[in-house]
Amino acid sequence: MPAKTNAGRFFEDYRIGEVIDHAIPRTVSGGERALYHALYPARHALQSSDEFARACGLAAAPMDDLITFHTVFGKTVPDISLNAVANLGYAEGRFREPVWPGDTLRARSQVIGLKQNSNGRSGVVYVRTEGVNQHGRVVLDYVRWVMVKKHSADAPAPDTVVPDLMPAVAPDTLVIPKCLDFKGYDFGLAGEPHRWGDYEIGEIIDHVDGVTIEEAEHMMATRMWQNTSKVHFDGTNREDGRRLIYGGHVISLARALSFNGLANAQMIVGLNAGAHANPCFAGDTVRAWTEVLDRADIDAPGAGALRLRLVAMKDGGTVGALRGGDGKYLPDILLDLDYWALLPL
Amino acid sequence: MPAKTNAGRFFEDYRIGEVIDHAIPRTVSGGERALYHALYPARHALQSSDEFARACGLAAAPMDDLITFHTVFGKTVPDISLNAVANLGYAEGRFREPVWPGDTLRARSQVIGLKQNSNGRSGVVYVRTEGVNQHGRVVLDYVRWVMVKKHSADAPAPDTVVPDLMPAVAPDTLVIPKCLDFKGYDFGLAGEPHRWGDYEIGEIIDHVDGVTIEEAEHMMATRMWQNTSKVHFDGTNREDGRRLIYGGHVISLARALSFNGLANAQMIVGLNAGAHANPCFAGDTVRAWTEVLDRADIDAPGAGALRLRLVAMKDGGTVGALRGGDGKYLPDILLDLDYWALLPL
Amino acid sequence: MPAKTNAGRFFEDYRIGEVIDHAIPRTVSGGERALYHALYPARHALQSSDEFARACGLAAAPMDDLITFHTVFGKTVPDISLNAVANLGYAEGRFREPVWPGDTLRARSQVIGLKQNSNGRSGVVYVRTEGVNQHGRVVLDYVRWVMVKKHSADAPAPDTVVPDLMPAVAPDTLVIPKCLDFKGYDFGLAGEPHRWGDYEIGEIIDHVDGVTIEEAEHMMATRMWQNTSKVHFDGTNREDGRRLIYGGHVISLARALSFNGLANAQMIVGLNAGAHANPCFAGDTVRAWTEVLDRADIDAPGAGALRLRLVAMKDGGTVGALRGGDGKYLPDILLDLDYWALLPL
Chain R
1 MPAKTNAGRF
11 FEDYRIGEVI
21 DHAIPRTVSG
31 GERALYHALY
41 PARHALQSSD
51 EFARACGLAA
61 APMDDLITFH
71 TVFGKTVPDI
81 SLNAVANLGY
91 AEGRFREPVW
101 PGDTLRARSQ
111 VIGLKQNSNG
121 RSGVVYVRTE
131 GVNQHGRVVL
141 DYVRWVMVKK
151 HSADAPAPDT
161 VVPDLMPAVA
171 PDTLVIPKCL
181 DFKGYDFGLA
191 GEPHRWGDYE
201 IGEIIDHVDG
211 VTIEEAEHMM
221 ATRMWQNTSK
231 VHFDGTNRED
241 GRRLIYGGHV
251 ISLARALSFN
261 GLANAQMIVG
271 LNAGAHANPC
281 FAGDTVRAWT
291 EVLDRADIDA
301 PGAGALRLRL
311 VAMKDGGTVG
321 ALRGGDGKYL
331 PDILLDLDYW
341 ALLPL
Chain D
1 MPAKTNAGRF
11 FEDYRIGEVI
21 DHAIPRTVSG
31 GERALYHALY
41 PARHALQSSD
51 EFARACGLAA
61 APMDDLITFH
71 TVFGKTVPDI
81 SLNAVANLGY
91 AEGRFREPVW
101 PGDTLRARSQ
111 VIGLKQNSNG
121 RSGVVYVRTE
131 GVNQHGRVVL
141 DYVRWVMVKK
151 HSADAPAPDT
161 VVPDLMPAVA
171 PDTLVIPKCL
181 DFKGYDFGLA
191 GEPHRWGDYE
201 IGEIIDHVDG
211 VTIEEAEHMM
221 ATRMWQNTSK
231 VHFDGTNRED
241 GRRLIYGGHV
251 ISLARALSFN
261 GLANAQMIVG
271 LNAGAHANPC
281 FAGDTVRAWT
291 EVLDRADIDA
301 PGAGALRLRL
311 VAMKDGGTVG
321 ALRGGDGKYL
331 PDILLDLDYW
341 ALLPL
Chain S
1 MPAKTNAGRF
11 FEDYRIGEVI
21 DHAIPRTVSG
31 GERALYHALY
41 PARHALQSSD
51 EFARACGLAA
61 APMDDLITFH
71 TVFGKTVPDI
81 SLNAVANLGY
91 AEGRFREPVW
101 PGDTLRARSQ
111 VIGLKQNSNG
121 RSGVVYVRTE
131 GVNQHGRVVL
141 DYVRWVMVKK
151 HSADAPAPDT
161 VVPDLMPAVA
171 PDTLVIPKCL
181 DFKGYDFGLA
191 GEPHRWGDYE
201 IGEIIDHVDG
211 VTIEEAEHMM
221 ATRMWQNTSK
231 VHFDGTNRED
241 GRRLIYGGHV
251 ISLARALSFN
261 GLANAQMIVG
271 LNAGAHANPC
281 FAGDTVRAWT
291 EVLDRADIDA
301 PGAGALRLRL
311 VAMKDGGTVG
321 ALRGGDGKYL
331 PDILLDLDYW
341 ALLPL
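Residue numbers (my numbering), protein chains in the order written: chain R, 1 to 345; chain D, 1 to 345; chain S, 1 to 345.
Check each hint, because a few of them may be wrong.
Claimed, not checked - Derived coverage of chain R by chain D (criterion: at least 3 residues anywhere in the stretch with Cβ under 8 Å from a Cβ of chain D; other residues may be distant):
1) 182-195
2) 200-213
Claimed, not checked - With beta-carbon atoms standing in for the labels, derived distance ranges:
3) R:319 <-> D:161: 36 to 44 Å
4) R:230 <-> D:19: 48 to 56 Å
5) R:179 <-> D:203: 54 to 62 Å
6) D:118 <-> R:197: 41 to 49 Å
7) R:54 <-> D:236: 51 to 59 Å
8) R:241 <-> S:183: 41 to 49 Å
9) D:16 <-> R:328: 54 to 62 Å
Derived by calculation from the structure, the hints in this document are not laboratory data. In this text, all values refer to a predicted model and were calculated from it rather than measured experimentally. All C-beta atoms in this analysis are idealised placements derived from N, C-alpha and C, irrespective of residue type, glycine included.
Chain R extracted, bound-state conformation (with noise of 0.2 Å):
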């Protein structure tokens, strides 16, 4: 019998211009929500109050955009990133349309680009994956790149394609959830006075509070997304026992934290680029902090966009202080994230 375990794919197996259908469409429900305010400090007003959402013209309260982003990634992971050497970056995503308990989601990918290493042993796979809704509709869309072990460093290398991509996306390309409207946003109930028009290019933001990770919290933030990448929740694969942490894990966690400064930042709409520089591990304290990168007008009563670089690091860390003298990030960060951020005008 041939063993019926999936051993993932390995560098060999990815062919341009494949489209690989991912399995396990997922429901998600106001469950998922709840875990989500249990497992990060959630607290922005439109996905947490229906009554708040629908003041902004939408029929109840989105999930939050990163369970979206969670949920999709997840199911990509067997068939994308189980023989993953390292996840290298992300580009080009939109978040094409809220997603509400019951929505049931699904995901594929479009292999887009494929470069060997010049070990011959790995290369890195690029891939856009879109997350579909039961309506048929992409509710997220999405460039990823990762460097994928080979499984015979005999097999022949492929023509090298890299796909040209774009270092943010275009601010009159973000898609607007329909009847989102901020004409008559409650700054109260938001929790901060702060608007688009407050926000200074160049403005760095101290989010402040930190926390201290557990390897209960990460593995089940990791597993709820049906993420199954080994390393992290197999304590045998490190003498010390501990796990790594999914680096969506820190994303979320710094997106969370990051509600103090820009507790208006209601929504992500564009994911530009994203990189985990360095690995987290429980009882690792993690911090936040964000730089304005960008304004821009967008056709959205009351709204405005900002581009914003969202940086985690672990304590010990400098607020602002991201990349040392050679370039390379210091060791210290853990996240660096550039994304667009719808505010009220």
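Using the hints provided, position chains D and S relative to the given structure of chain R.
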């Protein structure tokens, strides 16, 4: 640019009579209920079963009363206790309407007392807090007083106002949920045969079981209520890496443990007083006991009220032993909570 | 006053034929499902996706079968196993109807066997337990036997009655969910291509992945089922502070791990036998393997049944090695579970 993060209010920032509308309304669902059952050994049938609740006249199982309390309390933290030195007490708490899955809660507080400490560096703030649902109806109100730091020792002391608080909520002012009817109460399904009339004033009940607390559990619980007090989450605050546990976590733990002996104390309707006698940390094993303080007839079919002192203690404490010869709480005592509960006659 | 707390039943308190109605009916929701996915690496598509379930003829995704099992089992603990020395076995288990979000479950047990041990200090109690939904329909029944302490060694031994139990549920008595239809089954969305016919009797499947268990996780899981057995929660019971893990936690963990190789074993319909071979503690890394014991045709469109032996072992165990030369379970073995599952043809 002025800092965009919330530094919290200091003692000199409060004015007698001012009303603070707290931010971030919150919609609760079956997700919060499931997590409550996972985080605490909660077993009261009225909150566990839609069918049991319907047999008691309600439309469905209400959320646990303490979910209401924690959600409302959590909303107040950024405005009331971010710079608190100590949470000193509760009084005049009444649960006025059940909360159901799908409800959205807001909170507001009025400052009803101010008293600067003689050292000039802190003061006591008294607030009356209301939780309000999406229909604008009050679901809970209570008085809380906290000791809050002054930002500047030079800030002038306000006129001292200490509110005149009732030692206990008068039983004829307790609010009984509409339609509640315990006349056909099923003691078998509820788990214990003891009726209201079976409890005697002065009786002490040992709830027997103990729960050893993990960091991940109390952090998830506290985050779920969007309680942002950093001492609960940031392990770098103390050399031993432990985080101070939210007092409300101990309240819920003790209340859930009290099922064993008080399975029919189905609803909390009044909160007379409460003291967090000593800090609680992960690794502590919590046990609980109850003293019956009073009994009262109430205007509800088949139901009576008991006034109960619920005590939580660390392992090593003695059931019934609360204070030492000096009148102070014994070092093993974590919580001394005085509340009214409804039981079937 | 007599003590109001439940000391649990002792061996001499059971009578052949008596029926015990267990307390605390429980309504389950999407919250319990979300937590199940956060606590176990559960990925079977039928329980993950309303859309996938509809394509298989069901109205929506049912709750995981083991949620039903744990909820019913948890109800029985205060009456059956509070004074248990050991949980000895399961037999004749049949899942008779799916459980859906919103359902309310009750449980009752009939005593069908009693056998005092030769030491006179304990005895074995056999019960047949039924889980019943709000419509009064049985959703699950199974036989369990436990060794229970005697309260008084002097209590007379009852007449020995040992029920005649089937070694396995006969496949023609398995209950197939109404409307289930696997004729249009989507193997791509389910995650693996292996059909019922691809599995051979005697085949052994290594499920590969391991999960290192944390205290917070098994306690949250066990509490969620309102299982009150104190050994799972109270760290003062043992010098090392560890808590004995609920055997059902290992069942769910192993079943979820078995997705890798058995992704299409979508539903558990029969529970033939089960043994918790050795205790499990936090820090253990759990792996799983399955032996195909039997295959059976069943009367359901497009579906067949496999009888599977699911084995959980601690790190260090060997796939396929179950018992030593003495016929006893090897020390690494945690669980030996024999069940029937439905797969697409």
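Hint by hint, here is what the structure shows:
With a cut-off of 8 Å between beta carbons, the stretch 182-195 of chain R has 6 residues touching chain D; three or more are needed, and the interface restraint holds. Counting residues of the stretch 200-213 of chain R whose CB lies closer than 8 Å to any CB of chain D gives 10, so the stated coverage by that chain holds, three being the minimum. Taking the beta carbon of each, residue 319 (chain R) and residue 161 (chain D) are about 40 Å apart, inside 36 to 44 Å as hinted. The hinted range of 48 to 56 Å is satisfied by residue 230 (chain R) and residue 19 (chain D), whose Cβ atoms lie roughly 53 Å apart.
Look at residue 179 (chain R) against residue 203 (chain D): about 59 Å separates their beta carbons, and that is inside 54 to 62 Å. Checked against the hint of 41 to 49 Å, the pair residue 118 (chain D) and residue 197 (chain R) passes, with Cβ atoms roughly 46 Å apart. The beta-carbon spacing between residue 54 (chain R) and residue 236 (chain D), approximately 40 Å, falls outside the hinted interval of 51 to 59 Å. Range check, residue 241 (chain R) to residue 183 (chain S): about 47 Å between beta-carbon atoms, so the 41 to 49 Å window is met.
Checked against the hint of 54 to 62 Å, the C-beta distance between residue 16 (chain D) and residue 328 (chain R) comes to roughly 56 Å, which is consistent with it.
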